[in-house]
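> Protein sequences, first through last, are from chains R and D.
Mapping to the working numbering: the first sequence position 110 is 110, numbers consecutive.
Numbers in the working numbering are just positions in the second sequence, counted from 1, shifted up by 111.
Take the hints with a grain of salt, since some may be wrong.
Chain D residues, not near chain R, derived (Cβ > 12 Å throughout) [claimed, not checked]:
hint : residue
1    : V115
2    : Q128
3    : V130
4    : N163
5    : D174
6    : S177
7    : R180
8    : G183
9    : T187
10   : M200
11   : P222
12   : V228
Among the chain R residues that face chain D by a calculated CB cut under 7 Å, a handful are [said to hold, decoys possible]:
hint : residue
13   : H40
14   : T65
15   : G97
16   : F101
No lab work stands behind these hints: they were computed from the structure.
For glycine and all other residues, C-beta sits at the position ideal for the given N, C-alpha and C.
Residue strings, one per chain:
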Amino acid sequence: DAKTTQPPSMDCAEGRAANLPCNHSTISGNEYVYWYRQIHSQGPQYIIHGLKNNETNEMASLIITEDRKSSTLILPHATLRDTAVYYCIAPYGGSQGNLIFGKGTKLSVKP
Amino acid sequence: EPEVTQTPSHQVTQMGQEVILRCVPISNHLYFYWYRQILGQKVEFLVSFYNNEISEKSEIFDDQFSVERPDGSNFTLKIRSTKLEDSAMYFCASSVWASGGLLTDTQYFGPGTRLTVL
């Protein structure tokens, strides 16, 4: 089973920042946190990952708390196309890197 | 930008028939995966494959399933005798490596094949 906890759903107004939280209290010191999203029934799409420092790329920012027990994915200016299920995955996976998906957070961006 | 491709996009088959789902991973990737997602449920890991052999498999991946890399570009999932409960989206993924956290470990997913078993 997934070792993360995410709210089942969230709404965000178009153009505003979407902040998606994730609890991963059992993560150990060298285990990464990854975020993926799935738009409708398409294949999961990689967004960002991090270990302990905050990370930013062209899609999003990832804020990891100092104790590493939780993180927040930030979409700075959400658009309608960001409506998707967002998955926080931590730790990354099994011995060969298989991903364990939870139910994720269904983000609805509204005009 | 390189991407994982899958064919067909939709496969309809009769119960008991064999199906082969095809994937072309990203060309410099070394690890390959299959996942499935039954409608309305979570994405579930099936199998990982490296160096022409299975690295890890889940309980779902029973004797009815097999994987193969028949040539330098394709990666296939075969279901020998399909059941109604095999109806799902099947996603192929690939990564350069699989050590657990480097950017090279990032798995990139294909668009999926929707399998419908009647």
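> Evaluate each hint against the coordinates.
To see whether the hints hold, each was checked on the structure:
1. V115: violated, 8 Å
2. Q128: holds, 23 Å
3. V130: holds, 19 Å
4. N163: holds, 14 Å
5. D174: holds, 20 Å
6. S177: holds, 18 Å
7. R180: Holds, because the least Cβ-Cβ distance between R180(D) and chain R comes to about 15 Å, which exceeds 12 Å.
8. G183: holds, 21 Å
9. T187: holds, 17 Å
10. M200: violated, 6 Å
11. P222: Nearest chain R Cβ is 5 Å from P222(D), so the label is violated.
12. V228: Non-interface label on V228(D) holds, nearest chain R Cβ at 17 Å vs cutoff 12 Å.
13. H40: violated, 11 Å
14. T65: violated, 18 Å
15. G97: At 3 Å from the nearest chain D Cβ, G97(R) passes the 7 Å test, so the hint holds.
16. F101: holds, 4 Å
In the structure shown, a violation is registered for the earlier hints numbered 1, 10, 11, 13 and 14, in ascending order.
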